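Chemist: In order, the protein sequences belong to chains H and W.
Each residue of the first sequence is one higher than the last, beginning at 1 in UniProt numbering.
Each residue of the second sequence is one higher than the last, beginning at 1 in UniProt numbering.
No wet-lab data here; the hints were simulated from the structure.
These numbers come from a predicted model, not from an experiment.
FRET-style restraints, in silico, Cβ to Cβ:
| # | chain 1 | residue 1 | chain 2 | residue 2 | range |
| --- | --- | --- | --- | --- | --- |
| 1 | W | Met232 | H | Pro41 | 47 to 53 Å |
| 2 | H | Ile328 | W | Glu259 | 52 to 58 Å |
| 3 | W | Asp219 | H | Phe253 | 37 to 43 Å |
| 4 | W | Ala297 | H | Gly66 | 24 to 30 Å |
| 5 | H | Ile328 | W | Asp219 | 46 to 52 Å |
| 6 | W | Gly54 | H | Ala31 | 54 to 60 Å |
With a cut-off of at most 16 Å between alpha-carbon atoms, the simulated EDC-like pairs for lysine to aspartate or glutamate come out as follows:
| # | chain 1 | residue 1 | chain 2 | residue 2 |
| --- | --- | --- | --- | --- |
| 7 | H | Lys341 | H | Glu34 |
| 8 | H | Lys248 | W | Glu388 |
| 9 | W | Lys402 | W | Asp392 |
| 10 | W | Lys393 | W | Asp126 |
| 11 | H | Lys344 | H | Glu319 |
| 12 | H | Lys248 | W | Glu380 |
For each residue, glycine too, the CB sits at the ideal point set by N, CA and C.
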Amino acid sequence: MNLLYSDVEEQLRASVRDLLAARAPLSGAVARAESDRPYEPALWTALARELGVAGLAVPESAGGHGGSWREVAVVAEELGRAVAATPFLGSTVLATAAATAVPSARELVGALAAGTSTAVLVVPLSTPPGSAFPGQVSFDGTHATGQVRSAADAAAADLLLVPAAGPAGPVLLSVEAGAARCEPVTSLDLTRPLSNVHLDAAAGSVVAEGDGAVRALEAALLAGAVVLASEQVGLAEHGLDSTVAYLKERYQFGRQIGSFQALKHRCADLWANLAQARAVARYAAACLADGTADGAADAPVAAALAQAYCSPLAVTAAEECIQLHGGIGFTWEHPAHLYLKRAKADSIAFGGAARHHARLGELVGLPA
Amino acid sequence: MEKFATVDADGLRARVEQLLAEHDPAGDRLAFLQARFDAGLAWVHYPPGLGGLGAPRELQSVVDDALAAAGAPDNDPRRIGIGLGMAAPTILVHGTDEQRRRWLRPLWTGEEVWCQLFSEPGAGSDLAALGTRAVREQDSWIVNGQKVWTSMAHEARWAILVTRTDPSVPKHAGMTYFACDMTAPGVEVRPLRQITGEAEFNEVFLTDVRIPDEYRLGDVGNGWRVAQTTLMNERVAIGGGAAPRESGTIAAVCRTWRERPELRTPAGHAELMRLWVEAEALRLTGLRLRQQLAVGAPGPEGSAAKLSYARLNQAVSGFELDLLGDEALRYDDWSTGTWATKRPAAVDFLARSPGYRYLRAKGNSIEGGTSEILRNIIAERVLGLPGEPRVDKDVPWKDLPK
Ligand SMILES: Cc1cc2nc3c(=O)[nH]c(=O)nc-3n(C[C@H](O)[C@H](O)[C@H](O)COP(=O)(O)OP(=O)(O)OC[C@H]3O[C@@H](n4cnc5c(N)ncnc54)[C@H](O)[C@@H]3O)c2cc1C
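Let the hints inform the model, and build the full structure from the sequences given.
Modeler: Listed below in structure tokens is the structure:
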């Protein structure tokens, strides 16, 4: 299993980084986060269509760019590094993974890949892989009714993919965003807004049913957990980089504070753990990309492992960043808080460390 | 990369076939190892004539796997780890052709075990403070001093040795590096009993030891730079190693957890899984490191791996005792007769008691550079943070406080 970055991946990283630096520079991140338009549609269009990130994991035959989840993960690293507010996770990862798992959903996959449609999977962001199929929404054959709390990226979507309890078991529905009411909630993470989605006899059509619906949901959650680990690596990397830069420029006691060993050692530990996080996140992405081979079999383990390792690391990196910036790190003006909020929210997304530990225990035969 | 073009995996497999056809793997062990060395299949990335073929390093596993499958003997790398991991790369880089030819073959076959005479009572982390003196006398050097914590000196035929040859210049400048014949008159090895009860390392006293100038590695006064080669390789050697999931100390703990349901508690499970995740993260980091090495871009992650390994091994072995409770109150063997005089070069950690694993793991954050020193190195060399204030930089060694 190759855990390195390919040249193509590095080129992709550079393009995404350049685009973000031009269109969503960190200097404006705080202002963007508190504007009432959390997503900048032009930025998303540029990413999704001009750079083609929306179709990365979709085969060319289905209208995508024929890349793999490895490349998707590289984009996630960059979006994490920049705390960029985009519906990437909701649409390119969750919705695309769900739709790709449904053979009859080619048209939807194509639209998502082209970036002409932005979709979202309507589940609470904290839903872990391996969860029971949700039953908050019921479907009578034509209309869906129910509420789902704390779904991510719904505000940016024109199409909702809703797991629901149908007359004959689980179904995955597609509902036009206009037919539902997305009530924004005030989210801890200012850069990934959540909504409560209300469906009040909303017209829905069946995308998948029975086992197919269950498989699609699981594929989505697995991809979400895997790709999120790379976002966490990017977040953590920014936390470390910006801290190291600050430790070199700030003087106290007549010395650069970075010459104090108490601080150097904390940075060294963070760096060492980050090296491990990268290996773990790369492994998870490689397993997901492996499709049908060995890696795919290990993907559930790899996803739980990646979340169990990378989520706390990103939180630690963001916390260290604030602490080692001192007072300035505690101000609203400095973007450090955006990273902490994203990192903490990420650590709860797709289930916290305890859930992943429990699941790993089941998967590798170490029962509680 | 050009020079590698001719030796690919298939080429290596063919050479292994030829070696097996000409030399019986079930016959004389040493003869087979020597033939393997001469065929360039010892360490394939070494130059031809010195046990290698100038092949890419990652192809070694092709050879190792094929020979293991044929039931061929290996060179017992754990027993000769210091030679393979530290002495050999240093000899390769800084040795003369004559030195390489003299030392590398018996080093690799294990006929000659090497040890590392670096640390001294007054110079551990601050290796450049060392005071073992080497004074030139015609074609030889006369060496006097004391080394300490020298692993496996009691088995070693040769040592890599750093000495002070010029006390009048600042500490990094006045050192010279040698290979020391451990059978030479004046070399005295005294086993040093350690925390586990066994004597794995030693004190080594050097009294008027005569070292011929042909045994010098690198130029006079250039010992610090030569030692850097050794130390860099030490970190890589400690951090590397391919292993399947759940190997090492975590394997023992997982086995206990699976076989002994009565020991399970919810808090224990949380800790077990946290450690399992750490172990797997470390394993995958090692895998990634080897992949980087294979494409010729070794990252600095080797030092991260050593740091993490020490932390993990200590945490896992401590947890193992907690998990076992009552049983952990016992130890397998403190007997001075066997363990204290000499430790066998290769210990099967999993065959010894959990208490042994716990105690031995305490050395992981000290041997080969302490975790604190490693953090300094990462902070300064990788992250570019400012160095420690250096009060001794321009002071002649003889004037330093000791
Ligand atoms: C099992 C084992 C095997 C060994 N085998 C060998 C061998 O084969 N050959 C050999 O030459 N040596 C060997 N050693 C010695 C080893 O390299 C030294 O013990 C080690 O480098 C530390 O030196 P010291 O013991 O003098 O500790 P000191 O340098 O005195 O350190 C004491 C404490 O202070 C800390 N410290 C020191 N300087 C700093 C600093 N600048 N910043 C922060 N903290 C600092 C250290 O981390 C440590 O915690 C072995 C040691 C062990 C435990």
